[in-house]
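Chains as they are written, first to last, in my numbering: chain P, 1 to 289; chain H, 1 to 522.
I should point out that these hints are in silico values taken from the structure, not numbers from a laboratory. Some clues are possibly wrong.
Unchecked claim - Computed list of chain H residues with no C-beta within reach of chain P, every gap over 12 Å:
1) ASP38
2) GLY52
3) ASN145
4) LEU150
5) ALA206
6) THR247
7) PRO257
8) ARG260
9) ASP277
10) LYS366
11) VAL372
12) ASN411
13) PRO412
14) PHE414
15) VAL416
16) LEU417
To be verified - Here are some of the chain P residues that sit facing chain H, going by a computed Cβ distance under 8 Å:
17) GLN130
18) PRO133
19) ALA240
20) SER242
21) ASN246
Said to hold, decoys possible - With a cut-off of at most 30 Å between alpha-carbon atoms, the simulated BS3-like pairs for lysine-lysine come out as follows:
22) H:LYS263 - P:LYS118
23) P:LYS118 - H:LYS475
24) H:LYS451 - H:LYS478
25) H:LYS166 - H:LYS33
26) H:LYS475 - H:LYS508
27) H:LYS451 - H:LYS360
28) H:LYS451 - P:LYS118
29) H:LYS166 - H:LYS28
30) H:LYS473 - H:LYS451
31) H:LYS360 - H:LYS263
32) P:LYS157 - H:LYS263
33) P:LYS23 - H:LYS451
34) H:LYS429 - H:LYS360
35) H:LYS478 - H:LYS508
36) H:LYS18 - H:LYS515
37) H:LYS478 - H:LYS434
38) P:LYS23 - H:LYS18
39) H:LYS366 - P:LYS118
40) H:LYS320 - H:LYS360
The beta-carbon is built from N, C-alpha and C at its ideal position, and this holds for glycine as well.
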Amino acid sequence: MADREIDEATGVETVGHEWDGIKELDNPMPRWWLWTFYATIIFSIGYMIYYPSIPLIEDSTQGISGHTNRAALQVEMAEAAESRQVYLSQIADSDLQVIRGNEELARFAVAGGDSAFKIHCSQCHGTGAQGSPGYPNLNDDDWLWGGDLDAIYLSIKHGIRNDEDDDARYSEMPAYGADELLERDEIAQVTQYVLQISGQDHDRELAALGEETFGSECATCHGPNGGGDREFGAPNLTDAISLYGNNAELIARQIRKPKHGVMPAWGDRLSDETVKQLAIYVHNLGGGE
Amino acid sequence: MKSEADIEQIDVDAVNSKTYRSLYEARKKIHPKRATGDFRRFKWAVMFITLGIYYITPWIRWDRGDGLPDQAVLLDLANRRFYFFFIEIWPHEFFYVAGMLVMAGIGLFLVTSILGRAWCGYTCPQTVWVDLFLVVERFFEGERNARIKLDAAPWTPSKAIKRGAKHFVWLVIAVATGGAWIFYFADAPTLLVDLFSGQAYFAAYATIGTLTATTYIFGGLMREQVCTYMCPWPRIQAAMLDEHSLTVTYNDWRGEPRSRHLKRMRKEGVSTGDCVDCNACVAVCPMGIDIRDGQQMECISCALCIDACNGVMERLGLEKGLISYATLNDYDANMALAGAGKHVGSPQIIPENVRDEFGKLSERVKRFSPRVFARTRTLIYLFVYAAIGIAMLVHLGMRERLDVKILPDRNPQFVVLSDGSIRNGYELKILNMKGESQQFLISVGGLQNPKISEAGSIYAADNWLATEVPADKTKALKVFVAMSRDHLRQSSTPFNFIVSEMGSTDQKTVSSMFKAPREIAK
Chain P
1 MADREIDEAT
11 GVETVGHEWD
21 GIKELDNPMP
31 RWWLWTFYAT
41 IIFSIGYMIY
51 YPSIPLIEDS
61 TQGISGHTNR
71 AALQVEMAEA
81 AESRQVYLSQ
91 IADSDLQVIR
101 GNEELARFAV
111 AGGDSAFKIH
121 CSQCHGTGAQ
131 GSPGYPNLND
141 DDWLWGGDLD
151 AIYLSIKHGI
161 RNDEDDDARY
171 SEMPAYGADE
181 LLERDEIAQV
191 TQYVLQISGQ
201 DHDRELAALG
211 EETFGSECAT
221 CHGPNGGGDR
231 EFGAPNLTDA
241 ISLYGNNAEL
251 IARQIRKPKH
261 GVMPAWGDRL
271 SDETVKQLAI
281 YVHNLGGGE
Chain H
1 MKSEADIEQI
11 DVDAVNSKTY
21 RSLYEARKKI
31 HPKRATGDFR
41 RFKWAVMFIT
51 LGIYYITPWI
61 RWDRGDGLPD
71 QAVLLDLANR
81 RFYFFFIEIW
91 PHEFFYVAGM
101 LVMAGIGLFL
111 VTSILGRAWC
121 GYTCPQTVWV
131 DLFLVVERFF
141 EGERNARIKL
151 DAAPWTPSKA
161 IKRGAKHFVW
171 LVIAVATGGA
181 WIFYFADAPT
191 LLVDLFSGQA
201 YFAAYATIGT
211 LTATTYIFGG
221 LMREQVCTYM
231 CPWPRIQAAM
241 LDEHSLTVTY
251 NDWRGEPRSR
261 HLKRMRKEGV
271 STGDCVDCNA
281 CVAVCPMGID
291 IRDGQQMECI
301 SCALCIDACN
311 GVMERLGLEK
321 GLISYATLND
331 YDANMALAGA
341 GKHVGSPQII
351 PENVRDEFGK
361 LSERVKRFSP
371 RVFARTRTLI
381 YLFVYAAIGI
391 AMLVHLGMRE
401 RLDVKILPDR
411 NPQFVVLSDG
421 SIRNGYELKI
431 LNMKGESQQF
441 LISVGGLQNP
451 KISEAGSIYA
461 ADNWLATEVP
471 ADKTKALKVF
481 VAMSRDHLRQ
491 SSTPFNFIVS
501 EMGSTDQKTV
511 SSMFKAPREI
521 AK
């Protein structure tokens with residue numbers, strides 16, 4: 001080893017290197033720094049023993065704590081579930097009207113219903129429950145099968161026109177064109193009549209003829225004035241809202257070969273508390289009766 | 001008149017003076033001697049007042065009515081409120097606190113430009129607590145010489161007891177310091193009980209622990225090193241000083257040349273300065289410097305050297321103020337008068353130049369004048385300081401205790417109802433910042449015949465809506481506004497929500513938009 005040089009000004013050894021006349025003193029580390037460093041080493045030993053740390057080929061040492069992030073998450077989820085349980089058990093035991101009347105419980109149900117809606121319902125009804133052609137908008141005040149809390153609850157629980165739930169409500173409109181129950185011009189007349197009762201531009205003569213056909217063929221389900229019947233899920237034809245569109249072509253198409261929406265039964269898939277929360281949420285969207 | 005022989009020559013090194021300071025050496029401990037005098041008395045008073053404010057404030061009660069905290073000063077982080085006696089600040093009014101901080105900053109500029117590092121010397125918590133810790137140290141270990149002796153002495157039971165007692169009391173003070181801090185953030189009496197019954201939040205204990213550690217380490221162990229090496233304030237404050245600022249100054253023009261035998265020398269006709277080189281100023285310095293070396297980075301302007309020197313001057317029958325608060329301007333003028341130029345410690349000081357024929361200080365010597373307080377700079381600081389303060393006070397007096405925030409529904413923007421009318425949804429947040437529960441009337445201006453309803457409400461839509469907001473709370477409610485198609489001309493119609501408090505003139509108008517299908521525009 002080469003002779004170490006002593007720096008004149010400080011009396012400290014230099015490390016023996018020189019860069020453009022600049023030399024580095026071989027001062028020891030500050031003691032506080034060194035102590036902190038030793039402290040971290042001691043800490044790390046405890047840490048290694050307590051937590052999973054050393055990677056093995058397929059696994060790692062488990063540590064005496066047996067800590068895993070997954071288990072920690074489960075604990076937190078369980079805590080969150082427990083805090084929700086206070087409300088959920090009340091919701092399970094209460095009627096929908098009672099839940100709605102209790103401000104705190106209703107707020108919880110709306111929030112819970114919102115979150116469940118985003119997961120289970122938004123695929124068809126949209127994230128804002130605004131629907132799309134063939135899928136009802138749940139914000140408005142027009143209901144196919146009823147818009148009070150119990151009716152909404154039943155629709156969610158059993159679904160509509162599905163094969164999986166025996167209590168699912170079912171109805172089907174005859175295919176007047178495809179099954180040749182009505183002539184082409186009769187369908188055109190009924191179309192004009194439907195345009196008339198929903199307050200749109202129409203052909204008066206054709207509509208007058210269509211009224212007769214409507215009375216004999218359609219009024220059974222849609223009502224003598226076209227006001228609909230929730231018993232059969234028959235839409236109100238007089239209002240401004242239509243499921244499949246309300247111009248002449250779309251109405252005629254629906255008379256010729258109607259489409260029917262299907263909604264699954266959620267009673268088997270979701271807990272009763274969730275279905276109740278969904279009912280409260282949908283009812284709260286603005287159209288609840 | 002006493003002779004200079006009565007003045008004790010203190011054997012002391014100013015460990016942080018340029019001569020002795022070495023960056024390659026470990027810190028040399030400073031054993032400040034107790035000073036007596038006007039400045040020391042003033043500092044005791046400041047310590048008494050500041051510590052009193054700090055410890056007592058959280059315990060002052062202030063009745064605000066039911067359901068609201070009755071603590072005069074409270075930073076309620078959980079509920080996001082700041083209470084200060086009759087003032088309550090909500091998060092969106094936090095600019096008051098920002099304004100206070102700006103005022104504190106400008107106030108510091110103002111004080112510093114007049115009085116130098118007065119903050120450091122008198123009111124900085126570091127200074128106050130170090131002073132307090134020194135009182136404890138002096139109580140258990142004695143005055144400066146006794147402490148030096150104790151330091152050098154081998155470990156004996158008596159030394160261990162003295163040291164142990166000192167550190168114990170320091171720790172008690174440190175715990176009390178950390179303990180008092182957390183009372184500003186919660187109801188003090190409740191928290192005190194919770195603390196001792198082990199029910200307080202972990203954050204409370206952690207805060208006490210942290211502040212105990214910092215108080216003990218900074219106040220007891222690190223002391224002047226905090227000011228010199230850790231604190232950024234001195235560097236910033238130094239930039240506020242100018243030649244008109246009063247700083248603690250050793251008046252070389254009067255003190256030099258120093259002589260330990262002042263009376264004899266003068267009797268023999270040798271002219272000397274007033275400094276008898278007794279080192280009293282060095283012995284009392286908590287920063288370990290010799291003020292006679294001139295302005296130094298370490299000096300915190302605590303003025304204890306002035307007290308020490310004044311005591312000596314008094315005993316010698318000389319005029320006080322060999323060390324004094326002086327401006328650089330006066331100092332330079334006096335140095336020029338003494339014939340020494342501007343250089344500190346210059347050998348060419350001629351004592352006769354600044355003295356009259358009786359040996360008293362000459363009339364031509366520049367002395368302190370209150371005019372240094374009123375300068376363009378200080379007046380500007382004062383103006384800005386006062387302007388911000390007055391602006392905030394006026395704003396505080398006029399501020400509204402009702403606020404409304406509106407968030408229109410975006411998904412869907414509008415809903416067509418069965419009768420063809422259009423409905424929009426809005427999230428209304430009503431902030432009732434008053435101490436009582438209030439009834440509010442919500443109506444709409446700028447729309448023809450609107451129907452307003454609250455989501456989930458059992459009441460039918462009308463052209464108004466009433467709601468109650470509890471005291472000091474924000475209420476969020478979903479409001480629907482429905483409009484007939486016939487009254488709409490465009491797909492976006494601007495309008496106002498009007499929220500008025502019942503039984504008062506308070507009212508808030510907030511603008512929003514009513515959205516409709518595009519085909520509605522005719």
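Consistency of the hints with the structure:
| no. | hint | verdict |
| --- | --- | --- |
| 1 | ASP38 | holds, 39 Å |
| 2 | GLY52 | holds, 35 Å |
| 3 | ASN145 | holds, 29 Å |
| 4 | LEU150 | holds, 24 Å |
| 5 | ALA206 | holds, 18 Å |
| 6 | THR247 | holds, 32 Å |
| 7 | PRO257 | holds, 32 Å |
| 8 | ARG260 | holds, 34 Å |
| 9 | ASP277 | holds, 30 Å |
| 10 | LYS366 | holds, 41 Å |
| 11 | VAL372 | holds, 42 Å |
| 12 | ASN411 | violated, 3 Å |
| 13 | PRO412 | violated, 4 Å |
| 14 | PHE414 | violated, 9 Å |
| 15 | VAL416 | violated, 6 Å |
| 16 | LEU417 | violated, 5 Å |
| 17 | GLN130 | holds, 4 Å |
| 18 | PRO133 | violated, 13 Å |
| 19 | ALA240 | holds, 4 Å |
| 20 | SER242 | violated, 10 Å |
| 21 | ASN246 | violated, 11 Å |
| 22 | H:LYS263 - P:LYS118 | violated, 97 Å |
| 23 | P:LYS118 - H:LYS475 | holds, 25 Å |
| 24 | H:LYS451 - H:LYS478 | holds, 14 Å |
| 25 | H:LYS166 - H:LYS33 | holds, 17 Å |
| 26 | H:LYS475 - H:LYS508 | holds, 15 Å |
| 27 | H:LYS451 - H:LYS360 | violated, 93 Å |
| 28 | H:LYS451 - P:LYS118 | holds, 29 Å |
| 29 | H:LYS166 - H:LYS28 | holds, 20 Å |
| 30 | H:LYS473 - H:LYS451 | holds, 27 Å |
| 31 | H:LYS360 - H:LYS263 | holds, 14 Å |
| 32 | P:LYS157 - H:LYS263 | violated, 110 Å |
| 33 | P:LYS23 - H:LYS451 | violated, 84 Å |
| 34 | H:LYS429 - H:LYS360 | violated, 77 Å |
| 35 | H:LYS478 - H:LYS508 | holds, 18 Å |
| 36 | H:LYS18 - H:LYS515 | violated, 76 Å |
| 37 | H:LYS478 - H:LYS434 | holds, 22 Å |
| 38 | P:LYS23 - H:LYS18 | holds, 25 Å |
| 39 | H:LYS366 - P:LYS118 | violated, 82 Å |
| 40 | H:LYS320 - H:LYS360 | holds, 12 Å |
Of the numbered hints stated above, those contradicted by the structure are hints 12, 13, 14, 15, 16, 18, 20, 21, 22, 27, 32, 33, 34, 36, 39, listed in ascending order.
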